[in-house]
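Could you put together the complete structure from these sequences and hints?
Residue numbers (our numbering): 37 to 646.
Just so you know, the hints here were simulated from the structure itself, not pulled from any lab data.
Hints may contain errors.
Derived EDC-like pairs (lysine to aspartate or glutamate); straight-line CA-CA distance at most 20 angstroms [what the hints assert, rightly or not]:
#: 1; residue 1: K601; residue 2: E623
#: 2; residue 1: K307; residue 2: E274
#: 3; residue 1: K188; residue 2: D249
#: 4; residue 1: K601; residue 2: E578
#: 5; residue 1: K601; residue 2: D635
#: 6; residue 1: K307; residue 2: D265
All values derive from a computational prediction rather than experimental measurement.
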Amino acid sequence: MTDEPAGGLRRAFGRLAGKLRRLTGPAARVIFADSYVFHSRPTPLDPSRAENLLAFLDSEGLVRPQAVRRPRTASMAQLLRVHDPEYLENLREPGVIGRIAGSPLATAEEDRFFEIQRAMTGGTLLATREALRMRGFGINLGGGFHHAHADKGSGFCLVNDVAVAIRSARLHGFRDPILVIDLDLHDGDGTRRIFADDATVHTFSIHNHTWDDHPAIEATVLPLGSGFDDATYLAALEHHLPPLVRRFQPGLVFYLAGTDPARTDEIGDAKITSAGMLARDRFVIETLREETGGVPTVIVLAGGYGPNSWRYSARFLAWLLSGVAVEPPSTWGVTLDRFRSRARLLSPGDLGQEAAEGDGFGLTEADLVGSLDRSSVESRFLGYYSRHGLELALERLGLLPTLRARGFLHPVLEIDSGNPTGQTLRLTNDCGPDGPRELLAELRARRDRGAVPGLELLRAEWLLLQNPRESFPPNRPRLPGQEHPGLGLLVEVVAILVLMCERLELDGVLFVPAHYHLVSQGLRHLAFLDPVDAARFAAYREALAGLPLAQATHAAENGQVVDTKTGQPALWRPVPMVIPVSQRLRERLAGAEYQAARDAARAGFGFRLA
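Encoded structure:
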């Protein structure tokens with residue numbers, strides 16, 4: 037994580053390099069709409085995938101924000117070019133969309149799920165028009181609903197956006213052959229069945245298992261089974277795709293660049309590396325260039341599950357737009373960048389500060405103490421944020437819309453200053469007169485000037501994020517300290533804490549994680565204040581290597597980890613950790629003195645499982 041000046045300099049160079057690359061890059065148009073972002077979780081799709089991709093492309097200077105096209109939502113008349121009217125009418129029945137999405141949804145959630153897919157279908161329609169107009173690439177940051185048939189939906193797919201775009205192109209006079217290259221992990225069964233009797237549309241699908249073996253006039257169906265690797269995958273692609281393109285000579289291509297074959301995908305069963313994924317994408321584009329001389333191509337995202345799936349698409353699109361392989365930042369990094377850009381639009385006055393006369397800047401805490409009633413100052417979180425200011429920030433940053441979309445329709449924020457260990461922010465959902473408030477999030481925090489001499493930190497004494505309406509799934513058992521599953525918003529909440537530090541000029545966020553799993557999950561962003569603690573944890577983690585996280589946490593807290601020198605149980609011991617924000621704290625934690633102390637202490641620790 038970089039500080040703002042360094043990050044700003046990197047982005048400035050990125051924009052300059054991107055501008056130069058755009059002068060020689062391919063003709064391409066990116067399609068995105070705010071309506072693509074869904075905050076409920078009817079599917080394992082990352083709700084921020086499109087936003088993260090757009091933020092990354094913008095930061096690299098590969099897409100000018102003003103060049104991003106916003107599509108219109110697909111009309112019912114356009115959907116009827118593919119789908120049976122009885123099926124579309126049936127989608128209005130309660131529970132139907134929830135069954136297709138794979139989980140029960142409230143009526144409002146079902147409506148929203150349908151609207152998102154209609155919006156993304158509009159994006160595929162626009163991407164198709166742009167690709168044909170420019171004879172280049174139309175890139176829709178969504179879409180790829182290939183399991184939707186004319187008369188039914190399945191596999192999270194309600195409407196088949198690619199089929200709607202093909203039928204619309206035909207309606208407007210496009211007569212050339214059309215090739216659909218579907219490299220989502222799952223079979224492109226819906227698209228193949230819709231065009232089964234159409235010799236002018238070839239559907240090419242490499243997948244794990246075939247969902248529908250109904251014959252089609254023009255189709256390539258290549259099931260590879262579970263667990264296939266780079267070599268098997270790329271060999272199948274290299275053997276079958278070039279001769280097909282050479283024979284079929286498409287005038288328009290749709291590429292479903294699904295990222296769920298990646299080995300890190302949360303629901304996939306393939307083993308493709310990040311290098312293999314990029315090699316796949318490059319091979320598709322280079323084959324089209326070599327065999328057709330350049331054919332209008334529509335790219336849609338299709339499947340990809342988990343918070344890091346966007347990074348595979350980012351590598352592909354960066355290469356496509358620049359010709360250069362660019363490694364994207366972490367999901368944490370791009371989330372922080374997205375939030376920073378939104379937070380810049382919030383003035384001190386928005387957040388609860390009164391403007392100093394004539395300069396427009398917010399008052400300091402000392403100014404406030406001198407000019408306002410002390411109780412007014414103490415009611416402000418960290419002496420700065422009013423309750424209304426925090427509500428505005430949570431609204432603009434997307435947390436409150438996320439909660440409402442998940443069914444928590446009346447989130448209420450409170451500031452409690454009555455605890456001597458720090459102020460408490462509490463977020464509940466008001467269930468009305470028929471029920472108690474549901475506790476969703478709680479943060480107890482204060483400024484800390486004593487943990488690190490000469491530095492001031494934001495000390496988070498307590499952080500709770502929970503969904504009281506969910507139960508623990510079998511693959512994610514309850515962890516110590518949990519009463520309910522989490523909200524899935526930890527990255528976003530921690531990003532907000534970092535933004536608070538930047539605004540208040542604090543050096544970092546200080547935590548004392550109570551449980552092993554919290555440290556293990558947060559180690560990419562957290563650092564131990566004491567190098568000896570870092571050495572002890574490294575040895576501790578080695579002893580637990582190979583165990584699932586829940587099992588490792590229970591072993592750490594139940595005395596199953598033993599000190600090899602004493603033979604005594606080495607129970608988990610919470611110690612201070614920080615997310616460094618200021619340059620001086622980062623330098624302290626990355627400096628030679630800290631590293632030497634950690635390395636010297638490492639030899640003194642040894643642990644094993646009992």
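Hints and how they fare:
1. K601 - E623: Violated - the C-alpha atoms of E623 and K601 are around 34 angstroms apart, more than 20 angstroms.
2. K307 - E274: Given pair K307, E274 holds - Cα atoms ~18 angstroms apart, limit 20 angstroms.
3. K188 - D249: holds (16 angstroms)
4. K601 - E578: Holds, at about 16 angstroms.
5. K601 - D635: holds (19 angstroms)
6. K307 - D265: Within the cut-off at roughly 5 angstroms; holds.
Going down the numbered hints, you'll see the structure goes against just number 1.
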